[in-house]
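Engineer: Here is what each chain is made of, one letter per residue.
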Amino acid sequence: MLGKMTRRKSRSRRALSALVAAFAAISIVCAADQAVAEYPDKPVRLVIPYPPGGGASLHAGVIATVAEPYLGQPLIMTIRVGGGGIKAAEYVSKQKADGYIVLMGDITINSLRPLVEKVPFKISDFTPIGRITLDPLVFVGAKNAPFNNAKEMVAYAKSNPGKLVYSSDNVNGWTYVAFKALMKMTGTKMRGIEFGGGGPAVANVLGGHTMAYAGAPAVVGPHIKSGALKPLCTGSTKRAPTLPKVPTCKEEGFDVQWEVWLGLFVHKDTPAPIVAHLRKAFTGILQDKGMKRLIKKINSQINHVEGGAWVKVLEEERKRLKKIYE
Amino acid sequence: MVDNFLQGVAAMANFWSISAALLGLVSGIVIGALPGLTATMTVAVLTPFTFFMAPLIGLPFLLGVYKGAIYAGSIPAILINTPGTAAAAATTLDGHVLAREGQARKALLVSLYSSVIGDMLATIVLIAVTAPLAAIAIMFTSPEFTILFLFALTMIAGVSGNSLTKGLIAAALGAWFGSIGLDPMSGMQRLTFGYAELTGGIALVPVLIGMFALSEILIQSEKSVVRSIAAAGVDDASGVSKKEMKSLMPTILRSTGLGIILGALPGLGAEIACWLSYAAARRHSKNPEKFGKGSLEGVAAAESGNNATVPATLIPMLVFGIPGDTVTAVLLGAFMAQGLLAGPLLFQQHGDTIYGLFCVLLLTNVMLLVFGYWAIQYLRRIVFIPRSILLPCVTVFCFAGSYAVSSDFFDVFVMVGGGAAGYLMRKADMPIPPFVIGLLLAPRLENAMRQSLLFGDGSLSIFVTRPISAGLLAIFVASLGFLVWRSFRARQIKDATVTEQPHDAAR
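First to last, the sequence lines map onto chains A and B. Under our numbering, residue 333 is the last one in the first sequence; the count climbs by one each step, no gaps. Under our numbering, residue 1124 is the last one in the second sequence; the count climbs by one each step, no gaps.
Extracted from the complex, chain A is given alone in its bound form (with noise of 0.2 Å):
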């Protein structure tokens, strides 16, 4: 009589413990449903790479007081500075996969070092979501330089080889690289310094103590229009709208493509609705009337590609890149 209780006591519990697991495996796959569903609950964090003043923060500060209508949620500037860039990008590479964190990417960290250098995260460790510009880099002289256009650059490299001072920027950076790619397809040597950064590096050749630099539109194209620097050549297929009478390098007889970009990145293991929920959220910020306009405030524009679509151009982009590195 005890025995039978106590076997029917246990299975009911079985029974009971049963239907328990089953309702709370239910309620946790509702749950990962709903936390998909309801994307996003709280503020979303944009890691900016770079110090203040840079490209990247100008325009994620344009992009954040624009976004939240789009989003649903603010979008909140977090600058995390470091190893020029390499910080930001591992940061968000090692953080939880949940949508929350976005990184403010751009083509040195997410193509180029990954590539050619040892660095504490994978190109593939990071999804697309869309790209936000697009720049050309422009090849400039100083007005004391012994050569007016790009043609009579490379003569003078070709003559005096060596002698070419040019002003860079950082090992494998922007304008470090729009040399690299210059001298491998003219097969001339010129000297670069670096100067650690844009800024002194434009300093440099505007003091004529450089004879070149290389730098975007948004950086020299002042410079060209006042008459301190001359305009030899844009790294682009074709004319920079904002630079009209600038050749194109290929117009010029080298085929130097050097166009470099701002983007947006999560980590790749993202669920796919929560990426689809943000790839149509910045499509609709970057289209946005009010943020067009904010961006022609600072001297850029947009060149939005959706995630999807640019995976692709990212991949024909880092073999090119591959190449120069050869």
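Rather than coming from a laboratory, the hints here were simulated on the basis of the structure. Ideal Cβ placement from N, Cα and C applies to all residues, glycine included. Where hints are given, some of them may not hold.
[Stated by the list, open to error] Covered by chain B, per the in silico footprint, the following chain A stretches (three or more residues, Cβ under 8 Å):
no.: 1; segment: 67-73
no.: 2; segment: 106-117
no.: 3; segment: 200-213
no.: 4; segment: 318-324
Since the structure of chain A is provided, determine the placement of chain B on it from the hints.
Structural biologist: Frame of chain A; chain B shown alone:
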């Protein structure tokens, strides 16, 4: 120019511009006074909001923030021995000693007056000679900077406390820690031991907070915690007399001059200017032995030096679009967002706006004087708060502040490490400033030196073939020679008196 200036005054003289400047100034003072929240951070966070405002509302606001934050860094430096910004690190040396002696009000007032005078004179220079000064500044490049950094490093002798040997050890340690991170030229990792956190190097602000503030807390906590920083009985509310201010004027003028020159050179900023001004003041002082022990000259030198750089950094920014320091790099973006493209054309196209902004700089100075004077009567009481309440609060600020710099938890470890190292250094009577200067200057010296050698294709002759560099080198060698000669003569005199003494005794 006078026309432009009058137009600028007219454009500026409206309620909204002036209110925006005042609001910016007050927020700048509050944020700058919190350790770890730097002027750069503050301006960067607030910049996007100004995109929507008219130029003469948004930009006065940001300029007010910048000025307020640089000044306010000295408030915690004096009261709790914690520089609010890196630019106020040199102010702790004498300012806090004065506060401990119950002269907090005096130190705060000297700091306020020196800041305002330095800033005012530098603004006048900015208005008068922006273009010619910028033209000179752009002639400086790596070889000239190498000599300047060498110059700056020799001042370690001036901040070394009791023992030059210990000062040099501290400086060498600072230089060593400064070399951690990516090699500036080749991009190789140095002394990182494979830690990604170290590739960016050791951040300056967390080290400053740890070394100055946390180590101070550790030292203070050894004492009775019930008492306040200054004993209640020694409160001296008298302030600064006219005579005292007058005797400080030569120091303030010298530091202001230095601050203007250093600010106008791209790449040097307020955090270097404060140390250089301090060392120069000590070298020229009639009472050099009082430096580090509560010298008003020390406070005046550091504060007029760092505030004079604020208007001066705008010179290369406006004329060439080259930011003089990190704050102006952010401001440059804010100017661009208002359609004010820096460069030679700026003054022709937007003369009235630019001169309007110059008026803002002058006006915010007057506001700073009034607001600062009013606030000091309350602020000075902080030193009479019992340690048991004040120290835990400051500890919280240390942790929060070092995290806030780049929202990186690693910086908190750096701060704690800096605190422990600072504590040991104080116990060993090893001065902290040379360490900070080594950390700040050694990487820049290395950079400039290696860039110069690239310029010269590997030859050291680059330093003497460029006229400015050769001139600077000559001045450097001459002043080094003078220092050696003076110390040699001082020893001779001492020897002479020592040999005379037994003679006297025999008589």
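Engineer: Can you list which hints this structure breaks, lowest number first?
Structural biologist: 2, 4
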